[in-house]
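Number of protein chains: 2
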Amino acid sequence: MPTTPKDIRAAIEEGAIRGQTSGLAPGFVQANLVMLPMADAFDFLLFCQRNEKPCPVIDVCEPGSYSPSWAAPGADLRTQVPKYRVHRRGELCEERDDIRELFSDDMVSFLLGCSFTFESALLARGVPVRHIELGRNVPMYVSDRECRPAGIFSGPMVVSMRPMPAELVDTAARVTAPFRKAHGAPIHAGDPAALGIRDLMRVDFGDPPELRAGEVPVFWACGVTPQMALRRAKPELVITHAPGHMFITDLRDEELAEAPHPGGQS
Amino acid sequence: MPTTPKDIRAAIEEGAIRGQTSGLAPGFVQANLVMLPMADAFDFLLFCQRNEKPCPVIDVCEPGSYSPSWAAPGADLRTQVPKYRVHRRGELCEERDDIRELFSDDMVSFLLGCSFTFESALLARGVPVRHIELGRNVPMYVSDRECRPAGIFSGPMVVSMRPMPAELVDTAARVTAPFRKAHGAPIHAGDPAALGIRDLMRVDFGDPPELRAGEVPVFWACGVTPQMALRRAKPELVITHAPGHMFITDLRDEELAEAPHPGGQS
Numbered sequence: 000m001p002t003t004p005k006d007i008r009a010a011i012e013e014g015a016i017r018g019q020t021s022g023l024a025p026g027f028v029q030a031n032l033v034m035l036p037m038a039d040a041f042d043f044l045l046f047c048q049r050n051e052k053p054c055p056v057i058d059v060c061e062p063g064s065y066s067p068s069w070a071a072p073g074a075d076l077r078t079q080v081p082k083y084r085v086h087r088r089g090e091l092c093e094e095r096d097d098i099r100e101l102f103s104d105d106m107v108s109f110l111l112g113c114s115f116t117f118e119s120a121l122l123a124r125g126v127p128v129r130h131i132e133l134g135r136n137v138p139m140y141v142s143d144r145e146c147r148p149a150g151i152f153s154g155p156m157v158v159s160m161r162p163m164p165a166e167l168v169d170t171a172a173r174v175t176a177p178f179r180k181a182h183g184a185p186i187h188a189g190d191p192a193a194l195g196i197r198d199l200m201r202v203d204f205g206d207p208p209e210l211r212a213g214e215v216p217v218f219w220a221c222g223v224t225p226q227m228a229l230r231r232a233k234p235e236l237v238i239t240h241a242p243g244h245m246f247i248t249d250l251r252d253e254e255l256a257e258a259p260h261p262g263g264q265s
Numbered sequence: 000m001p002t003t004p005k006d007i008r009a010a011i012e013e014g015a016i017r018g019q020t021s022g023l024a025p026g027f028v029q030a031n032l033v034m035l036p037m038a039d040a041f042d043f044l045l046f047c048q049r050n051e052k053p054c055p056v057i058d059v060c061e062p063g064s065y066s067p068s069w070a071a072p073g074a075d076l077r078t079q080v081p082k083y084r085v086h087r088r089g090e091l092c093e094e095r096d097d098i099r100e101l102f103s104d105d106m107v108s109f110l111l112g113c114s115f116t117f118e119s120a121l122l123a124r125g126v127p128v129r130h131i132e133l134g135r136n137v138p139m140y141v142s143d144r145e146c147r148p149a150g151i152f153s154g155p156m157v158v159s160m161r162p163m164p165a166e167l168v169d170t171a172a173r174v175t176a177p178f179r180k181a182h183g184a185p186i187h188a189g190d191p192a193a194l195g196i197r198d199l200m201r202v203d204f205g206d207p208p209e210l211r212a213g214e215v216p217v218f219w220a221c222g223v224t225p226q227m228a229l230r231r232a233k234p235e236l237v238i239t240h241a242p243g244h245m246f247i248t249d250l251r252d253e254e255l256a257e258a259p260h261p262g263g264q265s
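Top to bottom, those sequences are chains A and L.
Going letter by letter, the first sequence gives residues 0 to 265 in numbering that gives the first Met the number 0.
Going letter by letter, the second sequence gives residues 0 to 265 in numbering that gives the first Met the number 0.
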């Protein structure tokens, strides 16, 4: 079983790995993939710039390039994701394991940060992550906060929720804040109504949560936000990873975190 | 004398204020302006995304819009900067105080963060800023660090330098780090050779520094970086503010800073 990102990507390309990527290449950043024709790429980049918490940009390729020069130089984004989804005018059309024949000089590829990165950091710092313990999907909700629109892209911010004992909330915020390129610090902790969420058990995506006595719901901006904006905007063509089938970068988790004082003497 | 950003911008539009903006609307963010035709705007936005410390994006208007919807809704970027510079194919062609006739539906306007913002924060927290005390320009140097290129844009990172007693370096880093949209924390403190700078007295831009006994040179990424990249890329047309003649936004300095723990309970 390969363990380096490069070897895993090669195994994916050869078809030896086809499933979800959770747990592969521990310690390395996994990313959401969005590919768009150039005509819509400026609007989407602007949407990400304006809504950094739900849409954190890790890397963007030049138009026509399929190698992310920072996140995974030399990789091939057309073949090294285990499963792709092809959307046309907002509708999911097909799933594929290779999108070479859909790719053109006109396509722009975005890698967006994902919560795997900060969840690893939480676990490493002793903050339990309930849905992982339970082997479920994280509960997600459409909040009443609107994203700042950009061109054809708009929509509500989707949030994910992780319950935890009140005394761990500060730690969770401190641990995740430096991971700005993976949704960063929570956007809210406490009363769900502050985000327009009436009933935590009625999730919009994922599985319902399990809250225990004395626990506080903690909300992070969620990567489903740009997916909703893409669906609503209905661009001619969008290619994404299939849920859970992420692109594995060469970046170590800690490279995505920012030191609290990047200055420092030397 | 008007004091609110809106009134100052109106006075600029009417020609009642024509000079440098330093000291106007204290407490409000001033920004660098870059306007480009859409053909080059994606590359430039990508260059900024890849080089956030020297090119921190505060706001970007939709193509053809001249009102920054976050930084100054309703403002007019075509008339409310006291002096503009028009560059064609990399050459400075003229200075103007109104660029309405050059603006078109195709133009994209960028507002980039500037060091005024973090210098105010330094002063407020008791970190003296030498060049301000001396009434000089900040010393700037072309470093040996290359920016990550994006399309037609590339070039070295330019840095500004502020000397300070060694015991204030940590404070300076801590105070400026949250101002990510205004160059953030220093990129280096100490030996200039680490940035390829041989002689601090030989500045590339601005005025030579005055270092006193026991002082450490502290370096920040500088907004001259995107200007050099623009000059080198030679786009058909670029409109910028003239040096020191900034755009005054409605944002308060503290709005540009990020709370260290944006989570927090409520």
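No wet-lab data here; the hints were simulated from the structure.
None of these values were measured; they are calculated from a predicted model.
Just to be clear, a hint being listed does not mean it is correct.
Pairs involving identical chains hold if they fit within one copy or between any two copies, as the list cannot separate such chains.
[As the list claims (entries may be wrong)] Taking lysine to aspartate or glutamate and the DMTMM-like style, the derived pairs with C-alpha atoms no more than 25 Å apart in a straight line are:
no. : residue 1 : residue 2
1   : K52       : E12
2   : K233      : D96
3   : K82       : D190
4   : K82       : E94
5   : K233      : E61
6   : K233      : D105
7   : K5        : E51
8   : K82       : D96
9   : K82       : D97
10  : K5        : D143
11  : K52       : D249
12  : K5        : E254
13  : K52       : D96
14  : K233      : E253
15  : K52       : D169
16  : K5        : D190
17  : K233      : D169
18  : K52       : D6
19  : K52       : E94
20  : K82       : E145
21  : K52       : D203
22  : K5        : D206
Hints, one by one, checked against the model:
When the C-alpha separation of K52 and E12 is checked against a cutoff of 25 Å, the pair qualifies neither within a copy, at 31 Å, nor between copies, at 35 Å. Taking identical chains as interchangeable, the C-alpha atoms of K233 and D96 lie at most 25 Å apart only when both belong to the same chain, with a minimum of 23 Å there against 41 Å between chains. For the identical chains of this complex, K82 and D190 are neighbours neither inside a copy (37 Å) nor across copies (49 Å), given an alpha-carbon limit of 25 Å. Proximity of K82 and E94 under a CA criterion of 25 Å is satisfied intra-copy only: 7 Å inside one chain copy versus 54 Å between copies.
Taking CA atoms no more than 25 Å apart as the test, K233 paired with E61 passes in both settings, with 22 Å inside one copy and 19 Å between copies. Within a single copy, K233 and D105 get their C-alpha atoms as close as 18 Å, and across copies as close as 23 Å, so both meet the 25 Å cut-off. Neither within a single protomer nor between protomers do K5 and E51 lie at most 25 Å apart by alpha-carbon distance, with minima of 28 Å and 27 Å respectively. Proximity of K82 to D96 under the C-alpha cut-off of 25 Å is restricted to the intra-copy arrangement: shortest distance 5 Å within a copy versus 54 Å between copies.
In the homo-oligomer, the alpha carbons of K82 and D97 lie at most 25 Å apart inside one protomer (8 Å), although the nearest pairing across protomers, at 52 Å, exceeds that limit. In this homomeric assembly, K5 and D143 never come within 25 Å of each other (Cα to Cα): the closest approach is 40 Å inside a single copy and 30 Å across copies. Taking the shortest alpha-carbon separations for K52 and D249, both the intra-copy value of 22 Å and the inter-copy value of 22 Å come in at or below 25 Å. For a Cα distance limit of 25 Å, the shortest separation of K5 from E254 inside one copy, 17 Å, qualifies, whereas the shortest one across copies, 41 Å, does not.
Neither within a single protomer nor between protomers do K52 and D96 lie at most 25 Å apart by alpha-carbon distance, with minima of 29 Å and 37 Å respectively. In this assembly of identical chains, the alpha carbons of K233 and E253 never lie at most 25 Å apart, being 35 Å within a copy and 37 Å across copies at closest. In this assembly of identical chains, the alpha carbons of K52 and D169 lie at most 25 Å apart only when taken from the same copy (18 Å versus 28 Å across copies). Within a single copy, K5 and D190 get their C-alpha atoms no closer than 43 Å, and across copies no closer than 37 Å, so neither meets the 25 Å cut-off.
Proximity of K233 and D169 under a CA criterion of 25 Å is satisfied in neither setting, with 39 Å inside one chain copy and 49 Å between copies. Taking the shortest Cα distances, K52 and D6 never come within 25 Å of each other, neither inside one copy (31 Å) nor across copies (33 Å). With identical chains, the CA atoms of K52 and E94 are never at most 25 Å apart, being 28 Å at best within one copy and 39 Å at best between copies. For the identical chains of this complex, K82 and E145 are neighbours neither inside a copy (30 Å) nor across copies (36 Å), given an alpha-carbon limit of 25 Å.
Taking the shortest Cα distances, K52 and D203 sit within 25 Å of each other inside one copy (19 Å), while across copies they are farther apart (37 Å). For the homomeric pair K5 and D206, neither the shortest alpha-carbon distance inside one copy (32 Å) nor that between copies (48 Å) is at most 25 Å.
Checked against the numbered hints listed earlier, the structure breaks hints 1, 3, 7, 10, 13, 14, 16, 17, 18, 19, 20 and 22; every other hint is satisfied.
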